[in-house]
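Colleague: Start from the sequences, fold in the hints, and give me the full structure.
Protein chains: 2
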Amino acid sequence: MTLEGLSHFGAARGVAASRTFVAVNASDGSPLPGVFHAASLPEVEQAARLAGEALADYSRRSGSERGALLRAIAARLEANAAVITARAGLESALAPARLEGELGRTCFQLRLYAAAAESGLAAGVRIDHGDPARKPLPKPDLRAMQVPLGPVAVFGASNFPLAFSVAGGDTASALAAGCPVVVKAHPAHPGTSEIVGKLIREAVAERGLPEGVFSLLFDDGHEVGAALVTNPRIKAVGFTGSLAGGRALMDLAARRADPIPVYAEMGSVNPIFLLGGALADQAETLATGLHASVTNGVGQFCTKPGLVFVEAGEGAERLIAKLAALIEGTAAGTMLTAGMRSSYLRGVAGITGVAGVERRAAVAETAGRAGAALFVTDVATFRAHPELAHEVFGPTTLIVRCSSVAEMAAAAMGLEGQLTATLHARPDELAARRNLVDTLVGKAGRVLFGGFPTGVEVAHAMVHGGPWPASSDGRSTSVGTMALQRFLRPVCYQNFPDAALPSELREENPLGLARLVDGRWQAAKSD
Amino acid sequence: MTLEGLSHFGAARGVAASRTFVAVNASDGSPLPGVFHAASLPEVEQAARLAGEALADYSRRSGSERGALLRAIAARLEANAAVITARAGLESALAPARLEGELGRTCFQLRLYAAAAESGLAAGVRIDHGDPARKPLPKPDLRAMQVPLGPVAVFGASNFPLAFSVAGGDTASALAAGCPVVVKAHPAHPGTSEIVGKLIREAVAERGLPEGVFSLLFDDGHEVGAALVTNPRIKAVGFTGSLAGGRALMDLAARRADPIPVYAEMGSVNPIFLLGGALADQAETLATGLHASVTNGVGQFCTKPGLVFVEAGEGAERLIAKLAALIEGTAAGTMLTAGMRSSYLRGVAGITGVAGVERRAAVAETAGRAGAALFVTDVATFRAHPELAHEVFGPTTLIVRCSSVAEMAAAAMGLEGQLTATLHARPDELAARRNLVDTLVGKAGRVLFGGFPTGVEVAHAMVHGGPWPASSDGRSTSVGTMALQRFLRPVCYQNFPDAALPSELREENPLGLARLVDGRWQAAKSD
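Chains as they are written, first to last, in the working numbering: chain E, 18 to 544; chain A, 18 to 544.
Because the hints were derived from the structure by calculation, they are not lab data. In this text the structure is predicted, and so the values were computed from the model without any measurement. One or more of the hints may lead you astray.
Note: identical chains are not told apart, hence a pair may lie in one copy or across any two.
Claimed, not checked - Restricting the straight-line Cα-Cα distance to at most 20 Å, the calculated cross-link-like pairs of lysine to any residue (SDA-like) are:
{"no.": "1", "residue 1": "K156", "residue 2": "D515"}
{"no.": "2", "residue 1": "K152", "residue 2": "G118"}
{"no.": "3", "residue 1": "K156", "residue 2": "R122"}
{"no.": "4", "residue 1": "K152", "residue 2": "G121"}
{"no.": "5", "residue 1": "K152", "residue 2": "P113"}
{"no.": "6", "residue 1": "K156", "residue 2": "A309"}
Modeller: Here it is, written out as structure tokens:
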């Protein structure tokens, strides 16, 4: 596929006269083929206008038709897997196996959300039958369902060039919900974005949908993104990235004449709590698992564990010793961008400089590569230095020795909102620490017993979000079928004749949906 | 019940040394018994602190325990109905029958939300079973449920001193969701607020719940409200009132270090669309119904129809003539406050001054009372004067003659977001006007076929909210059991032993909840 470097405004391409940038080979900093043209402000307006115009048609398409679009996108991604992962590998320095896995995950996600659209899972139908004889006033017939919010602006993440980017979770959930999408491509992987965007455009055309259902805009600065978020046609924003980036979009959205929701997933430190019994039983196994979770993908996951609270003792020291050895043996890795590497090195230097923190293991950085690092401290030092609880994006973690579980629980209470929190304990320890679990539930969107938080299953029950600052809106998830709810709003039809109702709401339930009828769930007909 | 005029900070009362104000008899402007003491900023902090401290306990109470609190509140309201409605009548000038009905509605609402808490309707349980044998990685066991967001600040409305005030929908849904509540009492009915607040405090004590579950703060200015919304302990805001008031709270919340959601229901003009066939068949009946919807309660409903689009013709003229006669025969009414009357008179004067608008009927205001008014214009004038689409709170409406349904549909497309939109048509007209219905669905939270929008049923399928500026967040409703969802967020438990899970998530489903299991709804056991 030849890269033209031009934005897609619906079916049209941008002009080549505008500001340009190139993609960079993440492994050596050299320029990659392709010159990308930043969209102009009139082009942003055009993409938003087309999305607004497409809404009336696309929002009325059935769940089956929306599902068919998502399945067509998945099929095209699979058919072009080699070219997609090759370019993504150059732009991200992520390994081929990782990118093949990520492509598979992206397609699985598209098909799961397609199924959610087809099955009416996201329609959320509620029916309260009327009673014309009720006194003093007749009871109306009320039928509610979820309808699309409107055009959605999507900002892809750099660390998942496929699963959280152009055809990633935000795009998939917005399209499944019936919302047209305008993607602002991440400048770290514009070539991958162009390839994927072109395949989505082909799928939109194949399904006979209005062109404004999908547009893709290039920019290596902030102008296009700001113009999108403040455009009156855009009704919601999906974002994955830094706290500063997410907050900037939130502030723009909140100052609009009509404020709109921003769903920003901004990462967290994903604390792990290792109780004494678990450490006594399996310190070395825990060290091995923790090492993989901290260093896989050069530590560039939103769910990388950056804080590990251990109940002090012999088991904890075995864990630390083993983990230090594993870290020392880890080859330095290439990060997604030079900017991320700089941020990582700054973060590690900051921790190194805190009195009371021991740098227990550190791999020297080599040209362009970042070395893993392990730090250890005590809970008093941790609590005296709030900056130790901030995310450092990359392959490092900080172990905090606690002299008691009570001390650990107090430290947990002081944490900010998290995407995940993980507890390792013997069953009898778990039973005695119900309060610690409840504290973690109050802090995080996902709480794990055992295991490690990296690896986010795409499922109905997944929650990938959490209280501020893990995400802008702790009521939402950016992964799993609950993600569709971000882009829907309820509408109630009162006293409509059956024939004039949408199929979802008709009395005979022609689509066989699960529905809440007079306060009781009726299972879907297919069940 | 003696009015002490002191805020409730949990179980304690405020001190009497602070700034004071009195309640006003809405009918004659005279002061009513009772001196109310505005809460100080340390007192606001104390209420928020107690709410934060109560969260851990209250959020872990079962749905049955939360339900029992709401039922205890309802029982106390009913047992004290006479004293509540007597004081509310003095403070609001609303008729005894209206207030008795509103008290009944308030208690029905408390019990319906209690049932939602008890039945697990709001728990939204989703279970995806794991598969340890899955390749390449085991599939985790994931179990998600909704948990409380945290302490909620509630701002009552002046126009429903019971159903949208201290024990109203926001308080009831937050308590049912497991969130402690701090209410800022509306200064137009502080005595009613104190009586109801004291009964809620008694119910909290009777149920053995932490004192911070409910507090009530007085203030006749904005200081207490601003301090509440910006307090770090408060995690969400419920508000019913003006666009300016709601926007001010939204802006405060958006500028916090940790932005929080504000659910503000800010009213709308609730357009009605009368097609030619419906007018030909029943112009006089429509006029009678419209007159009641515009003038009942002196037009002081968020759902009062303020715009009526009619397909021009003989039927439309009969409707206008009949409605004008009914308006002329309407006695001037006392509004909730002198400020509202002034606003109403300004609004009516503003419409009167627009060239091309005919004042077809108007009742003279008398001392302290507001007269109903009927205006008529054509669609060209309407579209040339955007201010004609703004809400005028009180007993007036504007009829807009349209020469065709296409013209009507174009006017509908230009409207802002609405709480409701209503269509009257013959069945054959409805079938031919599917696009008009779709336009209205795109604009409103509730769409009625026939009838009138005043009268908001408290039900599972009700939506009382709508796209901006009808409400701050069109994804939400402030009436009906979906209102609980505003104060909840999802949490996913990954790979927990069954015995360590909350009852809602245990495999054997001991609470008999409806749950989404592996993507399919399983009905509640009681069904």
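Colleague: Hints first: check each against the structure and report whether it holds.
Modeller: Status of the hints after comparison with the structure:
no.: 1; hint: K156 - D515; verdict: within (17 Å within a copy, 43 Å between copies)
no.: 2; hint: K152 - G118; verdict: between (61 Å within a copy, 12 Å between copies)
no.: 3; hint: K156 - R122; verdict: between (48 Å within a copy, 13 Å between copies)
no.: 4; hint: K152 - G121; verdict: between (58 Å within a copy, 13 Å between copies)
no.: 5; hint: K152 - P113; verdict: between (69 Å within a copy, 18 Å between copies)
no.: 6; hint: K156 - A309; verdict: between (60 Å within a copy, 18 Å between copies)
Against the hints set out earlier in the document, no violation occurs for any number.
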